[in-house]
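Using the hints, put the two chains back together into the complex; each one sits in its own frame.
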Amino acid sequence: AQKITQTQPGMFVQEKEAVTLDCTYDTSDPSYGLFWYKQPSSGEMIFLIYQGSYDQQNATEGRYSLNFQKARKSANLVISASQLGDSAMYFCAMREGNTGGFKTIFGAGTRLFVKA
Amino acid sequence: NAGVTQTPKFRVLKTGQSMTLLCAQDMNHEYMYWYRQDPGMGLRLIHYSVGEGTTAKGEVPDGYNVSRLKKQNFLLGLESAAPSQTSVYFCASRTGASVGEQYFGPGTRLTVT
Chain R
439 AQKITQTQPG
449 MFVQEKEAVT
459 LDCTYDTSDP
469 SYGLFWYKQP
479 SSGEMIFLIY
489 QGSYDQQNAT
499 EGRYSLNFQK
509 ARKSANLVIS
519 ASQLGDSAMY
529 FCAMREGNTG
539 GFKTIFGAGT
549 RLFVKA
Chain E
3 NAGVTQTPKF
13 RVLKTGQSMT
23 LLCAQDMNHE
33 YMYWYRQDPG
43 MGLRLIHYSV
53 GEGTTAKGEV
63 PDGYNVSRLK
73 KQNFLLGLES
83 AAPSQTSVYF
93 CASRTGASVG
103 EQYFGPGTRL
113 TVT
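Chains as they are written, first to last, in the numbering used here: chain R, 439 to 554; chain E, 3 to 115.
Pulled out of the complex, with its shape left as it was, chain E reads as follows (with noise of 0.2 Å):
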C-alpha cells in the first residue's frame, strides 16, 4: 500500500516550457486535489476533484489544467511554465467522508528559470 505518490519529485523547466505532474493513490478515494506551497502563504489549493471524470477549480486556478481520467490518478499540467510556478506541489486524497482527512503525496519541488 503505497498511500498517495508523485511524479516527479524535481523538475527545473525553462518559461515557456509544458509539463505534467502525475498523482496516484492506491485508496481509493473519491477525492483528490493539488495544492502548491510557497514560503509564508501555506498551501493553496490549485484544482481538485470529487470523482472520476470531474474537477474543479481552487483558488488559484490559473496557468494550471487537471484531469481526472482515472479514480486513482489525478493529472496537473502546466502548458507555458512562468517563473510564478515555481513552487513546491502536493497531491492529496481523501475518502468521500466529511469526517476524512486528507492524505498527502511527498511533494514535487519545481523551478523554473
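This is chain R alone, in the form it adopts within the complex (with noise of 0.2 Å):
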C-alpha cells in the first residue's frame, strides 16, 4: 500500500531564507507522481509542484523545486527566498500509476511558520 511520510508538524524560517520540507514515500509501483500543495489559513488548496517517478530532473516551479532522490524515496520540497506569505500548511501527495485506481493519498503536512 502506498505511503505518505511528513515528519515535521511544524517549521520556522527567516524571511528570504531558504527551507527544506521533509516528505518520503512508500510505494512498489514503478509509475508514480508526487505532488505539493499549500493550504494557507484560509483554508484552499494550492497546487505547487509536480515530479514524475520516471522524470531525469528535480521540478522546479519558480521559488520551489522538489529534491527527488528516488533510491531513498525522498521528495523534499525547497523554498528559496521564503516570504510571509508562505506561511502555511505544505502537503506532499503521491499517485499511483499503475496501480491503486490513480488514487491520490496526502501526508500529515508541515505547518511553515516565516518570521520577519
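Since the hints were derived computationally from the structure, they do not count as laboratory data.
This structure is a prediction, so every number in the text was calculated from the model and none was measured.
Backbone N, C-alpha and C define an ideal beta-carbon position, used for all residues, glycine too.
Hints may be right or wrong, so weigh each one.
[Unchecked claim] So the derived label-pair ranges between C-beta atoms look like this:
#1 V90/E x L522/R: 18 to 26 Å
#2 E455/R x Q74/E: 27 to 35 Å
#3 E81/E x K553/R: 40 to 48 Å
#4 K73/E x G448/R: 38 to 46 Å
#5 D464/R x G42/E: 16 to 24 Å
#6 G98/E x S466/R: 20 to 28 Å
Next comes the structure, spelled out in C-alpha cells:
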C-alpha cells in the first residue's frame, strides 16, 4: 500500500532564507507522481509542484523546487527566499500510476512559519 | 469558469441525521474525489470516481456513500451522522492524464453534535 510520511509537524524559517520540507514515500509501483500542495489559513488547497517517477530532472516552479531522490524515496520541497506569505500548511501527496486506481494519497502535512 | 464548487459551506447536524454534500466541477474532468481533513492527519481519501457512473472506496469509506450520476457532479452522503464525522470535507477533480494535478473545492465544514 502506498504511504506518505512528513515527519516535521512544524518548521520555522527567517524571511528571505531557504527552507526544506521533508517528504518520504513508499510504493512498489514503478510509475507514480509526487505532488506538493499549500494550504494557507484561508483553507483552500493550492497546487505547487509535480514530479513524475520517470522524470530525470528535479522539478522547479519559481521559488519552489522538488529535491527528488528516488533511491531514498524522498521528495523534499525546497522554498527559496521565503516570504511572509509562505506561512501555511504544506502537504506532500503521491499518486500511483499502474495500481491503486489513480488515487492520490496525502501526508499529514508540515506547518511552516516565516518570521520577519 | 467556477472550477470546483461545494455545497454547503457549513453545516451542523445532530447525531443520526442524514445529509448530502454536493460537489460540482465545470472543467469536464474525469476523476473526482472526496477527502476529509482532520487536525494532524492531513487529507484522507473517502471515495473517488474515475468516470460517470463509477465509484470506488478510498482509505476511510465507512459511514459514507457516493454517487456520480453526472460527469460534473459527485455527491457524498452521510446516512446516519456520527460525531466522528465532524471534519472539513474537500472535493477535488482532475483530468484523466496521469500527470494532472487535482483542483480542490473550498471545503465544507461539518459539525455533528
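Comparing the hints with the structure gives:
Checked against the hint of 18 to 26 Å, the C-beta distance between V90/E and L522/R comes to roughly 25 Å, which is consistent with it. Between E455/R and Q74/E the beta carbons are some 44 Å apart, a value that contradicts the proposed interval 27 to 35 Å. The hint said 40 to 48 Å for the Cβ distance between E81/E and K553/R, and at roughly 47 Å that hint holds. In this structure, K73/E and G448/R meet the distance hint of 38 to 46 Å, their C-beta atoms being roughly 40 Å apart.
Between D464/R and G42/E, the C-beta spacing of about 20 Å keeps the proposed range 16 to 24 Å intact. A beta carbon spacing of about 23 Å between G98/E and S466/R agrees with the range 20 to 28 Å that was offered as a hint.
The structure shown violates just one earlier hint, number 2.
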